[in-house]
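Engineer: These are the residues of each chain, in order.
There are 2 protein chains.
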Amino acid sequence: MLKLFEYNWQVRKDWLDWCDSVAEDELLKIRTGGPGSILYTLFHIVDVEYGWISMMQGKTFPPMPPSFKDYASVQKLRDYSASCHEGIAPFVYGWNSGMESLILDDQNESGELEQFQYGEVMRHVLAHEIHHIGQLSIWSREIGKQPVTANLIRRGLFDR
Amino acid sequence: MLKLFEYNWQVRKDWLDWCDSVAEDELLKIRTGGPGSILYTLFHIVDVEYGWISMMQGKTFPPMPPSFKDYASVQKLRDYSASCHEGIAPFVYGWNSGMESLILDDQNESGELEQFQYGEVMRHVLAHEIHHIGQLSIWSREIGKQPVTANLIRRGLFDR
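Chains A and B, in that order, give the protein sequences. Counting the first sequence from 1 gives a position; this note's numbering is that position plus 713. Counting the second sequence from 1 gives a position; this note's numbering is that position plus 713.
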């Protein structure tokens with residue numbers, strides 16, 4: 714589990730660095746298919762990971778969810794990602810198989826109560842980020858730039 | 714590990730079913746950003762999963778890799794995916810933590826010998842499919858169709 718989170722965090726950092734070489738209007742342009750712009754997609758990735766893992770940590774959310782307009786630049790987003798990471802990394806590093814079937818109660822957007830296993834939520838968060846990063850790779854080519862590699866191998870994650 | 718493979722297999726099936734409702738010229742049109750067309754991307758996903766897992770199974774490859782032109786329709790691709798699945802599913806279902814650090818020797822495209830841990834290869838294959846499915850979701854919106862949901866929750870993968 715941890716290795717896939719480390720992969721996501723490394724890839725996300727690579728994409729934030731990639732953003733440094735792209736004009737801000739390209740980063741903020743609303744695009745077809747994903748959640749919005751390139752920067753909004755990265756914001757959404759951070760936000761969703763933080764939201765789900767905070768719930769499993771039993772944290773109370775701030776009264777209002779963060780607003781993208783407060784983070785709509787590469788450096789602000791980098792800081793936001795780092796700050797969220799600090800909050801959730803201890804949970805990910807402390808993960809063990811005994812936590813797999815713990816139950817998270819969640820009220821969905823329709824107000825219904827849903828229950829998920831912690832192991833299900835963790836994998837949902839992992840797949841969520843990889844999926845949206847795949848979308849960024851298309852937009853990257855659309856603006857004529859080479860995307861960050863999605864390869865998990867050759868990233869030093871499994872050094873011996 | 715297994716749950717994420719099951720997620721990928723279920724999502725892949727959903728995308729193949731989605732293809733049934735799309736004109737073949739749209740499915741075969743070369744698009745910007747991914748490996749090629751929608752059908753080629755699905756072929757590539759199947760091929761890469763089969764290739765890596767076959768190597769870990771110690772299987773000898775057929776002398777020539779499969780050619781996309783032999784599988785360039787939804788039903789042929791569905792059959793190809795099923796046939797590859799039959800070959801590799803026993804390995805995935807038989808996975809255990811003792812296999813994590815086994816070493817796979819691989820000759821890369823430049824002819825150099827590389828070594829990967831089995832656990833690294835398994836996660837690479839998982840991330841590979843999710844990444845490319847993210848690309849399909851963009852193209853789906855481009856042709857005005859709702860994509861298959863990428864949610865891992867609410868798929869019955871963790872039924873209690």
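Calculated from the structure, these hints are not laboratory results. Treat the hints with care, as some may be off.
Repeated chains share a single entry, so a pair holds when one copy, or any two copies, can fit it.
Calculated lysine to any residue pairs in the SDA-like style (CA-CA distance at most 20 angstroms, straight line) [claimed, not checked]:
(1) 742 with 714
(2) 772 with 797
(3) 858 with 827
(4) 716 with 854
(5) 742 with 782
(6) 716 with 834
(7) 789 with 730
(8) 742 with 870
(9) 789 with 858
Engineer: Of the numbered hints stated earlier in the document, which are not met by this structure?
Structural biologist: 1, 3, 4, 8, 9
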